[in-house]
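**Student:** All chains should be built: construct the whole structure from the sequences, respecting the hints.
Be aware that the sequence shown starts at 14, since it is given in our numbering, and climbs by one per residue.
Derived from the structure by calculation, the hints contain no laboratory data.
Quick reminder that beta carbons are idealized off the backbone N, C-alpha and C, glycines included.
One thing to keep in mind: the hints can contain errors.
As the list claims (entries may be wrong) - Have a look at the derived ranges for each label pair, beta carbon to beta carbon:
1) Glu501 <-> Gln121: 47 to 55 Å
2) Arg381 <-> Tyr68: 40 to 48 Å
3) Arg308 <-> Asn485: 42 to 50 Å
4) Leu479 <-> Pro258: 33 to 41 Å
5) Gly243 <-> Leu479: 19 to 27 Å
6) Gln121 <-> Ser426: 25 to 33 Å
7) Pro258 <-> Pro92: 50 to 58 Å
8) Leu479 <-> Gly301: 20 to 28 Å
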Amino acid sequence: MMHFLHHRASGVSLRELLPTARIFGASDIQVRSCCSDSRRCQPGDLFVAILGSEYDGHDYYEEAIRNGAVAILAERQLPVGVPTCIVDDSRIALGFVCHALAGAPSQQMRTIGVAGTFGKTVTSMLIAGVLEAARNRVGMMGSLGYCDTQNVVTQGRTTPPPPDVAMWLTRMANQGCSHAVLEASADALARHFLCGAQLDAALITNLRGTAGNSHGDLWTYREIQSRVFGLLKPEGFAVLNADDPASQVLQSQINHPTLTVSMKGAGEVNAELIERHVSEQTFFLVAGSESIPVRTRMIGVHHVYNCLSAAAVGLVMGIDLPTIARGLESVDHVPGRLQRIEAGQDFGTFVDGARTPETLTIALKTLRPVTKGRLICVYGAEGEKGTHLRPLLGRAVERNADIGIITNNSPRSEAPLRIAHDILDGYDRPAQAQLIPDRARAICWALHKARPGDTVLVAGRGSRALHVVGANREAFDDRDVCRELIRELAKPSGGRSAVA
Numbered sequence: 014m015m016h017f018l019h020h021r022a023s024g025v026s027l028r029e030l031l032p033t034a035r036i037f038g039a040s041d042i043q044v045r046s047c048c049s050d051s052r053r054c055q056p057g058d059l060f061v062a063i064l065g066s067e068y069d070g071h072d073y074y075e076e077a078i079r080n081g082a083v084a085i086l087a088e089r090q091l092p093v094g095v096p097t098c099i100v101d102d103s104r105i106a107l108g109f110v111c112h113a114l115a116g117a118p119s120q121q122m123r124t125i126g127v128a129g130t131f132g133k134t135v136t137s138m139l140i141a142g143v144l145e146a147a148r149n150r151v152g153m154m155g156s157l158g159y160c161d162t163q164n165v166v167t168q169g170r171t172t173p174p175p176p177d178v179a180m181w182l183t184r185m186a187n188q189g190c191s192h193a194v195l196e197a198s199a200d201a202l203a204r205h206f207l208c209g210a211q212l213d214a215a216l217i218t219n220l221r222g223t224a225g226n227s228h229g230d231l232w233t234y235r236e237i238q239s240r241v242f243g244l245l246k247p248e249g250f251a252v253l254n255a256d257d258p259a260s261q262v263l264q265s266q267i268n269h270p271t272l273t274v275s276m277k278g279a280g281e282v283n284a285e286l287i288e289r290h291v292s293e294q295t296f297f298l299v300a301g302s303e304s305i306p307v308r309t310r311m312i313g314v315h316h317v318y319n320c321l322s323a324a325a326v327g328l329v330m331g332i333d334l335p336t337i338a339r340g341l342e343s344v345d346h347v348p349g350r351l352q353r354i355e356a357g358q359d360f361g362t363f364v365d366g367a368r369t370p371e372t373l374t375i376a377l378k379t380l381r382p383v384t385k386g387r388l389i390c391v392y393g394a395e396g397e398k399g400t401h402l403r404p405l406l407g408r409a410v411e412r413n414a415d416i417g418i419i420t421n422n423s424p425r426s427e428a429p430l431r432i433a434h435d436i437l438d439g440y441d442r443p444a445q446a447q448l449i450p451d452r453a454r455a456i457c458w459a460l461h462k463a464r465p466g467d468t469v470l471v472a473g474r475g476s477r478a479l480h481v482v483g484a485n486r487e488a489f490d491d492r493d494v495c496r497e498l499i500r501e502l503a504k505p506s507g508g509r510s511a512v513a
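**Tutor:** So, in structure tokens, the structure goes:
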């Protein structure tokens with residue numbers, strides 16, 4: 014946890030910021046800096062004791078005080094000689110403290126939160142496209158990195174802890190951003206990472222009780238996702254997918270104006286699909302009595318829903334429909350999200366980050382209607398993760414692709430063949446699967462196999478550029494590998510006849 018400083022000498026009053034908290038050892042606590050890592054506490058800090066899954070910060074208060082902490086924020090009383098603030102949930106309190114220390118940056122911009130099971134990154138990019146088409150300056154925070162319009166930092170987490178959220182929102186405000194778009198992962202919402210931020214609009218793309226869900230049953234998962242609406246400003250708007258049954262349940266629970274989207278005519282903002290091809294699709298965007306055609310180079314029904322959500326946010330922000338359409342069309346790809354690879358080949362090639370059974374099924378079902386020939390899928394399961402999902406990956410490919418090639422996908426310390434065997438357990442006819450452990454060779458085999466009208470999907474990594482094998486971290490980007498191999502195919506010596 015980073016060390017978080019205040020920009021005003023007066024500090025923040027915990028009595029005013031957390032009115033329901035109980036304060037012991039002082040009438041109030043003025044905070045100018047805070048830290049939730051006892052090892053990194055500095056003189057003058059407020060130490061925030063966090064109860065984690067592996068460690069309990071309450072056990073390290075003495076170390077925090079030795080390092081200079083002058084007050085403690087905790088969930089229970091501790092035998093300390095410094096002022097203590099007791100709250101019900103120190104994670105929530107930490108968020109409010111960090112944003113107060115930062116000067117409430119989300120109050121200085123119009124801020125949008127994007128939650129949901131699938132489509133958060135694409136929807137966030139579409140929202141940014143719409144806002145930028147209306148000549149707004151937009152900061153972003155999500156799985157592709159954090160951007161304040163001047164600096165881009167690639168991070169491992171979709172949504173970082175509260176100090177980083179507050180810091181990046183401050184950077185966006187300081188760079189003159191008028192809007193900020195924040196992806197809200199389920200893990201971040203469960204851990205209250207966005208607490209303290211205040212949103213002008215919040216949306217849930219969709220809700221699915223996926224096999225990889227680590228947050229309990231669908232009811233618990235839905236409650237966690239719905240927390241994004243609890244971050245809305247009093248005048249904030251909610252956006253929901255009217256065609257998603259799990260999302261519909263939330264509408265009656267939201268105490269804010271709500272705009273719904275639909276492809277079945279059931280929302281305030283609707284879409285009617287006109288045509289689709291492997292390289293583009295066109296749909297009518299309908300809002301009230303207005304309608305306009307939108308042509309996007311990203312394909313699939315799920316992408317239309319993502320466009321609808323972004324359009325609804327644009328309408329909430331007062332943007333007209335033609336500008337919204339122009340913004341949606343400006344996003345011709347999102348890195349590693351069903352990204353089309355074009356290098357002069359006569360068959361479709363896509364790279365996607367799908368690595369769960371459901372996301373892989375969605376990607377394959379998106380490509381099937383626009384594939385005249387065979388659908389070929391290169392895929393694999395990561396090592397040391399989700400072993401129970403591996404047979405389901407195999408089943409998804411056997412049912413939805415014509416040819417499946419199992420290969421490595423960062424096996425880490427696991428034996429690659431063991432991972433492959435786990436995947437094969439999901440096949441009804443395992444002899445039909447191709448097994449090529451070397452990922453580059455597997456992609457090469459698939460591209461050589463492809464004929465005009467076929468589609469090749471390389472799944473599991475998307476925009477990630479590191480391949481982890483044992484202790485080695487190797488540079489490997491599926492997109493670059495595909496482009497290079499397709500160019501080799503085009504050379505006289507690299508033709509298909511050599512490997513047919």
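**Student:** So, for every hint listed, does it hold in this structure?
**Tutor:** Structure-based check of each hint:
1. Glu501 <-> Gln121: 47 to 55 Å: holds (51 Å)
2. Arg381 <-> Tyr68: 40 to 48 Å: holds (47 Å)
3. Arg308 <-> Asn485: 42 to 50 Å: Cβ of Arg308 to Cβ of Asn485: about 44 Å, so the range 42 to 50 Å holds.
4. Leu479 <-> Pro258: 33 to 41 Å: Given range 33 to 41 Å: holds, Cβ gap about 38 Å.
5. Gly243 <-> Leu479: 19 to 27 Å: violated (36 Å)
6. Gln121 <-> Ser426: 25 to 33 Å: violated (46 Å)
7. Pro258 <-> Pro92: 50 to 58 Å: holds (51 Å)
8. Leu479 <-> Gly301: 20 to 28 Å: violated (47 Å)
Checked against the numbered hints listed earlier, the structure breaks hints 5, 6, 8; every other hint is satisfied.
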